[in-house]
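Protein chains: 2
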Amino acid sequence: MFDLKAYLKAKQQAINAALGKLWDNSEPYPTLLVQAMRYSLEAGGKRLRPVLCIAASEAVGGSEADVMPAACALELIHTYSLIHDDLPAMDDDDLRRGKPTCHKAFNETTAILAGDALQAAAFEVLATEGRNKRGDALKRLEVIYLIARAAGYLGMVQGQMMDISSEGKEITLGELERLHRLKTGALIEASVQTGAILGGGSSQEIAALGAYGRHIGLAFQVADDILNVEGTPEMLGKPVGSDRAHQKATCPSLMGLEQAKVRAGELIDSALEELRIFGKKGEPLAALAQYVVERTR
Amino acid sequence: MFDLKAYLKAKQQAINAALGKLWDNSEPYPTLLVQAMRYSLEAGGKRLRPVLCIAASEAVGGSEADVMPAACALELIHTYSLIHDDLPAMDDDDLRRGKPTCHKAFNETTAILAGDALQAAAFEVLATEGRNKRGDALKRLEVIYLIARAAGYLGMVQGQMMDISSEGKEITLGELERLHRLKTGALIEASVQTGAILGGGSSQEIAALGAYGRHIGLAFQVADDILNVEGTPEMLGKPVGSDRAHQKATCPSLMGLEQAKVRAGELIDSALEELRIFGKKGEPLAALAQYVVERTR
Chain U
1 MFDLKAYLKA KQQAINAALG KLWDNSEPYP TLLVQAMRYS LEAGGKRLRP VLCIAASEAV
61 GGSEADVMPA ACALELIHTY SLIHDDLPAM DDDDLRRGKP TCHKAFNETT AILAGDALQA
121 AAFEVLATEG RNKRGDALKR LEVIYLIARA AGYLGMVQGQ MMDISSEGKE ITLGELERLH
181 RLKTGALIEA SVQTGAILGG GSSQEIAALG AYGRHIGLAF QVADDILNVE GTPEMLGKPV
241 GSDRAHQKAT CPSLMGLEQA KVRAGELIDS ALEELRIFGK KGEPLAALAQ YVVERTR
Chain V
1 MFDLKAYLKA KQQAINAALG KLWDNSEPYP TLLVQAMRYS LEAGGKRLRP VLCIAASEAV
61 GGSEADVMPA ACALELIHTY SLIHDDLPAM DDDDLRRGKP TCHKAFNETT AILAGDALQA
121 AAFEVLATEG RNKRGDALKR LEVIYLIARA AGYLGMVQGQ MMDISSEGKE ITLGELERLH
181 RLKTGALIEA SVQTGAILGG GSSQEIAALG AYGRHIGLAF QVADDILNVE GTPEMLGKPV
241 GSDRAHQKAT CPSLMGLEQA KVRAGELIDS ALEELRIFGK KGEPLAALAQ YVVERTR
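Listed in order, the protein sequences are those of chains U and V.
Everything in the first sequence is counted per the numbering used here, starting at 1 for the first residue and increasing by one.
Everything in the second sequence is counted per the numbering used here, starting at 1 for the first residue and increasing by one.
Don't read these hints as lab results, they were simulated from the structure.
Computed cross-link-like contacts, DMTMM-like style, restricted to lysine to aspartate or glutamate with a CA-CA straight-line distance of at most 20 Å:
#1 U:K261 / U:E294
#2 U:K104 / U:D92
#3 V:K104 / V:D93
#4 V:K9 / V:E64
#5 U:K139 / V:D136
#6 U:K139 / V:E142
#7 U:K5 / U:E294
#8 U:K280 / U:E64
#9 U:K281 / U:D3
#10 U:K139 / U:E205
#11 U:K46 / U:D3
#12 V:K104 / V:D92
#13 U:K5 / U:E64
#14 V:K139 / U:D136
#15 U:K104 / V:E108
#16 V:K104 / U:E108
#17 V:K104 / V:D94
#18 V:K139 / U:E142
What the simulated footprint calls covered on chain U by chain V, stretch by stretch (three residues with Cβ under 8 Å from a Cβ of chain V suffice, anywhere in the stretch; the number is not a length):
#19 31 to 45
#20 110 to 120
No residue lacks a Cβ here, since even glycine has one placed at the ideal position from N, Cα and C.
Using the sequences provided together with the hints, build the complete structure.
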C-alpha cells in the first residue's frame, strides 16, 4: 500500500529546502520586502501544487530534481495569490493558516508589493533554470507560457475577479464551476502539466495528466467549500463559515452538502481514470487525488 | 538631421497597433478585468520602454518585428506598475496622464487584479513568441530572466518599496539614486538589453546598450523630478508639486534645481558615449536619450 503520509512529508521537506535557498540572509536580500515574501511563503502551506508537479514528473519517468525550480515557482505564484486575496479590498481576511495575513503582519503597501514581487520571482526562477541548462529551452518556454496563462486574466486572476464580484449575488452551478476552474483549477492543472512536460512525458501522457489536473482542481474547490461548512477553526486556520459570512455561493449552498460530497467523489473517480496508463508510477498521483478531497489540514 | 518626432510617432503607432491586437473584442476577452487592463494600457503613455527596445534592436541590425512582442510585454509590466503605484495604499493618486487612475475609474479590487493580470500577461506574451519560433529559445529565456529580475524584488518592486517607505524621511543622494535605479532604471535598462539580445547583438553591443540604458534610466528619473517642480499640470497630467506634497526626497530637493539639471546632462553625455560603436545606427537611441530629459509630455 502506498504511504502517502511519508511521501508528502519527504516532498514537502525537499520543497521547503529548495524554497529556503531562493533567498538567503546575505545582502541584498534581507529587505523588509523579502521578509514579507518569506513570511507568507513560510507560513506553512501544504505545498500541494509543487508536490503535484513533482509527482507528475515522476509518473512520466522524470525526476524530482528535473522540476524542483518549476515546482518552487508554482508555490511562489500560489503564495502571491493568497496575499492579494486576503487584502482589505479583496476578502479582507485577518488570518491565514492560523497566522496573521501578510497585510496584518506588515501593512497593506508591503503586502501588495510582496505579492507583486513573488509573481515576478516565479518567472525569474522559471527562466533562470532554463538559461543554465541547454537543450530543453523550448520546453521551459512552454511551461512559462502555461503557468503565465493559468495565473492571469484567462485563469486565476479572472477567477478571483468573478469570486469577488459574485459575493451576495445569485449564481448558477455552472457559473460557480467556471469560477472554481479559473480561480483554483487552472493553476493546479498547470502544475501537473508542468511536471509532465519537464519530466519528459509524451504528448499522450501530458494530455492525460492535464485532464487529471482539471478533475482534481475542481474536486479541491468542492472539498474546500465542504470544509468551510464542516471543518473546525483548527482545520481551516480561519473561522468556520466565512463563505457564508461573505455571502459566497458554494457547492453546498447550491446543491446541498450531500450532493456536493457525491460530486467530489465523481471528480476523483474521473481523475483516477486518467491515471490508468501510468500503472504503478501513477500511485502517488492517485493517492494525492484522494488526499485533495480528504485533507483535514 | 534625425527626425525623432516622426520616428517616435511611427514606432508608437506600431506599438499601439500590436498592443491592441493582444485582446480583441471577442469572447472571452471583454470581461471587466480586461476592460480595466485595457483602460490603463490605452491611457496614452509615451511607450518609452517599447520604443527603446525597438531602437536597440535596430541599432544592432535587428528589426522591429523581431522584438515587437517583447516590446509589448515591457509596456504591460510598466502599466501594471503604474496601476499599483497609484493605489490608495501606495501613492493614492486620483489622476494619471490626465485621466482617472484605474482604481478611480473602476475600483480598488479591480485595479489590484488588473495589475496582477497585466504582469502575468507580460510573461505569457514573452513565452508565446518563443514557443512559435524555434531556434532562439535560449535568447527568449534570457530576456524573460532579465525582465523578471528587473521587475521584481531586486528591481522595480524594491524601488517602489523604498520610495513609499522613504516618504517624510531624510535620505541621502546616494540612497535616492539607488531608489531611482531600482524603481525606474532597472526596467529601462532591461528594455534596451531586451532589444539588443533579441535583435542579435554581440556581447560587446549588449553590454554597451545596457550601460546606455542605465544612464538614461537615471536621467529619466532626474528629469521627472525636475518636471514635478517646473512642469505645468498639462505637461504632467497631474497636479504640480505632488512630490513635495508627499514629502518625497527628489534630486532638486537634495541638490538644488540647477545642479539637478547639470546631473541630467552628465548622465545623457555618458549614455551618448556608449553609442559610439554603433555609428549612424545609434542615431535614434541618441535622440531618445536627449528626449528623455527634454520631454514635455
